[in-house]
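A.B. asks: As a plain string of letters, each chain reads:
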Amino acid sequence: MIEKVLKGSPAFYIWLLFLGSIAGLGVFAYIFQLQYGLTITGMSRDVSWGLYISQFTYFVGVAASAVMLVLPAYFHHYKKFKKMIILGEFMAISAVLMCMLFIVTDMGQPQRMLNVILHPTPNSIMFYDMMVLMGYLFINALVGWVTLEAERHDVDPPKWIKFFIYLSVVWAFSIHTVTAFLYAGLPGRHYWLTAIMAARFLSSAFASGPAILLLLVMALRRLTGFDPGREAIQTLTKIITYAMAINVFFFLLEVFTAFYSGMPGHQHPLTFLFVGHDGHASWVVGWMWTAAVLAILSLCLLIPPQFRDNERVLPWALGILVIASWIDKGLGLLIGGFTPNPFETVTEYAPTFPEILVTVGVYAIGLMVLSVLWKIALDVKKEAGTF
Amino acid sequence: MSTTRRQFLKIAGLAAFGLGTSSALDAAEAVAKDMPGAKYDVGGKHLAAKRWAMVIDTRKLESREDYDRIIHACHSVHNVPSIPTKQEIKWIWTDKYDRVFTDDMSQHLSPAVREKDYLLLCNHCENPPCVRVCPTKATFKRADGIVVMDYHRCIGCRFCMAGCPYGARSFNFGDPRPYLKDVNPAFPTRMRGVVEKCTFCSERLEVGLLPACVEASNGAILFGDLDDPNSPVRKALAENFSIRRKPSIGTQPGVYYIV
Ligand code: SF4
Ligand code: SF4
Ligand code: SF4
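Quick note, the sequences are listed as chains V and H, same order. Heads up: the first sequence at position 146 corresponds to 145 in numbering that gives the first Met the number 0, and the numbers run straight through without jumps. Heads up: the second sequence at position 66 corresponds to 65 in numbering that gives the first Met the number 0, and the numbers run straight through without jumps.
Simulated from the structure, these hints should not be mistaken for laboratory data. Keep in mind that this is a model prediction, so the values were computed, not measured. Honestly, I wouldn't trust all of these hints.
Covered stretches of chain H (chain V as the covering partner; in silico rule of three or more C-beta atoms under 8 Å from a C-beta of chain V) [as the list claims (entries may be wrong)]:
| no. | region |
| --- | --- |
| 1 | 63-72 |
| 2 | 150-158 |
| 3 | 174-185 |
| 4 | 207-219 |
| 5 | 242-251 |
Once the Cα atoms are required to be at most 20 Å apart in a straight line, the calculated DMTMM-like pairs of lysine to aspartate or glutamate come out as [said to hold, decoys possible]:
| no. | chain 1 | residue 1 | chain 2 | residue 2 |
| --- | --- | --- | --- | --- |
| 6 | H | Lys95 | H | Glu114 |
| 7 | H | Lys95 | V | Glu343 |
| 8 | V | Lys81 | V | Asp153 |
| 9 | H | Lys95 | V | Asp277 |
| 10 | H | Lys245 | V | Glu343 |
| 11 | V | Lys380 | V | Glu148 |
| 12 | V | Lys3 | V | Glu230 |
| 13 | H | Lys59 | H | Glu214 |
| 14 | H | Lys85 | V | Asp153 |
| 15 | H | Lys59 | H | Glu238 |
| 16 | V | Lys81 | V | Glu2 |
| 17 | V | Lys81 | V | Asp155 |
| 18 | H | Lys85 | V | Glu343 |
| 19 | H | Lys115 | V | Glu343 |
One side only, chain H facing chain V, incomplete, derived with CB under 10 Å [as the list claims (entries may be wrong)]:
| no. | residue |
| --- | --- |
| 20 | Lys44 |
| 21 | Ala47 |
| 22 | Pro134 |
| 23 | Ala161 |
| 24 | Gly166 |
| 25 | Asn171 |
| 26 | Val258 |
All C-beta atoms, glycine included, are put in the ideal place defined by N, C-alpha and C.
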């Protein structure tokens, strides 16, 4: 099926070339980082993780979200999703690849990466995270490929693949739970030390991941005419709406616990994010309020059916939702966890230009992989008449 | 170190069994003697303890010179660079009471206590989160309670820095060597991309010396075995009121403060 990549329209190759040049810029910035070290980033002794790890976290969520198509389709035999499922699985593959790249770019000694496998340490959550991510990549590649191959030959997928499909459902939950455990088990980091972390991660993932998928699928429909079906879009939107409502609810639970209990440690990160700490308002304050307003706005646009089912409003609602969830998880989560620092003071963090360049480069690589995989899937579907 | 030697002897023992001769064992013993680590001397001058701990008698530390002398003693023997940015590296440093003891024990502390500087360093926790989270065992706890690092195994993931509730760890964001004025050749310098922290002077204990900061403190910092009721640290703790940093999070710090 790989050969499908070789027969594309000029526009497709120009698109790849465009992404490739952005990725090139990222690679250039990364070489710069290899040369001088992570000193070129905005990270510091007190805020020792930054944009890379937060993007890793965000995209684990995007990867896990494929389950929102797989679960209804295979557990509840919801046939309408069958057409789109492969796109979800392929998006999961590219998201996991991006996660891995973000981990590598964050390492101080990337050439020693294999130490995690050479000296396996079962008490470290990072060890499990690496295992489950690689497992998820494998499962999605296998399931995606086998089902697509079957579609191409117009036969039913082999029976044994069912096992891996069911496994992928459990596995999707596990990858994001384990990622939450990276944070939720650290004493002394108040913003992260919360039992609801994994649940929050999953709910925000199941809102933002399918939203990104739907936005991309709508773009695809414009570009290629591939139609996932109106009902499929509406059902997925409902799932997104529920997930987002639960996500906002979970966040409010955090706010309640922190402020009603009156415990300073629990309040400080939230106060820092939304008003500033000790009279020190940081640049994130504006972003966090934007996220809060956009999150509510997205719910206002998604909950009433007349807006939700209106395909002119829907892309806006989804886009707003993605921005809100990205600020919350891709920015606030990390910064709030590290500020105030262990000395209850504030050390500011802001990503630097090279750091942003590397990040955008990884996005571009992820999009390239996604474009190639989706092209293969769509070409097969065209041939098989399931377009 | 001694594991490789032991493993070697085990294999040699099996080989000797197969050969049915004891001379092979003798030969193996001779070879093993020259293997790296074979001359590792656990007797001699080496200082040992069941659980190393430190007591800082803050009453005996007064002036800025006291602190600077102690900090300099540590940083100069351990080749700790002075980097003037947020990406700094420090093994031992000072801060005010409410930043060191963030639990805010009393709202109306005597001004003398509140305004004073306190030394901070790695606590060599009994239950260290940094060890728990490290994915490569580059940070590990020794049998005598000291939490040490292998700079050659560290992948620079900085999970341990997120894990340490005391901000005791520093990361080499860039190459630290240009920031070193005088290099102590007896101690390794670090490379870019690895984490480092106070070692409780494990390398000095090995040769029978007390930690550099203890030596430079003129008796204000005590060091000894927490499991030995007659050790200087236990005696000081028995006779004085002492506190530790963030006691509620269950890490059981090995650094005590007499205030
Ligand atoms: S103080 Fe921090 S670095 Fe030192 S042992 Fe405890 S957790 Fe680890
Ligand atoms: S930075 Fe090094 S010591 Fe710290 S957790 Fe990672 S591998 Fe372990
Ligand atoms: S015990 Fe040794 S390494 Fe630790 S602060 Fe004192 S002198 Fe430095």
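A.B. asks: If a hint holds in the structure, say so; if it doesn't, say that too.
C.D. replies: Now for the hints, and whether the structure bears them out:
1. For the region 63-72 of chain H, the stated coverage by chain V is violated: 0 residues have a C-beta nearer than 8 Å to a C-beta of that chain, whereas at least 3 were required.
2. Chain V is given as covering the region 150-158 of chain H, and this holds because 7 residues of the stretch bring a CB closer than 8 Å to a CB of that chain, at least three being needed.
3. A count of 1 residues in the region 174-185 of chain H with a Cβ less than 8 Å from any Cβ of chain V is obtained; the coverage claim is therefore unmet, three being the minimum.
4. Under the rule that three or more residues need a Cβ within less than 8 Å of chain V, the assignment of the region 207-219 of chain H is violated, with 0 such residues.
5. Under the rule that three or more residues need a Cβ within less than 8 Å of chain V, the assignment of the region 242-251 of chain H holds, with 4 such residues.
6. Between Lys95/H and Glu114/H the CA atoms are separated by roughly 6 Å; this keeps the pair inside 20 Å, and the hint holds.
7. Between Lys95/H and Glu343/V the alpha-carbon distance is near 11 Å, which keeps this suggested pair within the 20 Å criterion.
8. Only pairs whose Cα atoms come within 20 Å are accepted, and Lys81/V paired with Asp153/V is accepted, the gap being roughly 14 Å.
9. Restraint check for Lys95/H and Asp277/V: satisfied, since their Cα atoms lie roughly 16 Å apart, inside the 20 Å limit.
10. Of the pairs offered as hints, the one joining Lys245/H and Glu343/V holds, with about 12 Å between alpha carbons and a cut-off of 20 Å not exceeded.
11. Note on Lys380/V and Glu148/V: the hinted pairing holds, with a Cα-Cα distance of about 10 Å set against a maximum of 20 Å.
12. For the suggested pair Lys3/V and Glu230/V, the alpha carbons sit about 29 Å apart, so the restraint of at most 20 Å is broken.
13. Pair hint Lys59/H plus Glu214/H holds up; C-alpha atoms about 14 Å apart against a cutoff of 20 Å.
14. For the suggested pair Lys85/H and Asp153/V, the alpha carbons sit about 61 Å apart, so the restraint of at most 20 Å is broken.
15. Annotation: proposed proximity of Lys59/H to Glu238/H holds, straight-line Cα distance about 15 Å (limit 20 Å).
16. Straight-line distance between C-alpha atoms of Lys81/V and Glu2/V comes to about 24 Å, which puts the hinted pair past the 20 Å bound.
17. At roughly 13 Å between alpha-carbon atoms, Lys81/V and Asp155/V fall within 20 Å of each other, so this suggested pair holds.
18. Of the pairs offered as hints, the one joining Lys85/H and Glu343/V holds, with about 16 Å between alpha carbons and a cut-off of 20 Å not exceeded.
19. Restraint check: the Cα-Cα separation between Lys115/H and Glu343/V comes to about 17 Å, which is no more than 20 Å; the hinted pair holds.
20. For Lys44/H, the interface hint is violated, since its Cβ never comes within 10 Å of a Cβ in chain V; the closest pair sits about 32 Å apart.
21. At a threshold of 10 Å, the smallest CB-CB gap from Ala47/H to chain V is about 26 Å, leaving the interface hint violated.
22. Residue-level restraint check for Pro134/H holds (minimum Cβ-Cβ distance to chain V is 4 Å; threshold 10 Å).
23. With a least beta-carbon distance of about 6 Å to chain V, the hint placing Ala161/H at the interface is held under the 10 Å criterion.
24. Contact between Gly166/H and chain V, as hinted, is supported at the beta carbon level, the nearest pair being about 4 Å apart and thus within 10 Å.
25. With a least beta-carbon distance of about 7 Å to chain V, the hint placing Asn171/H at the interface is held under the 10 Å criterion.
26. The interface hint given for Val258/H is violated, since its Cβ lies 18 Å from the closest Cβ of chain V, which is over the 10 Å cut-off.
Checked against the numbered hints listed earlier, the structure breaks hints 1, 3, 4, 12, 14, 16, 20, 21, 26; every other hint is satisfied.
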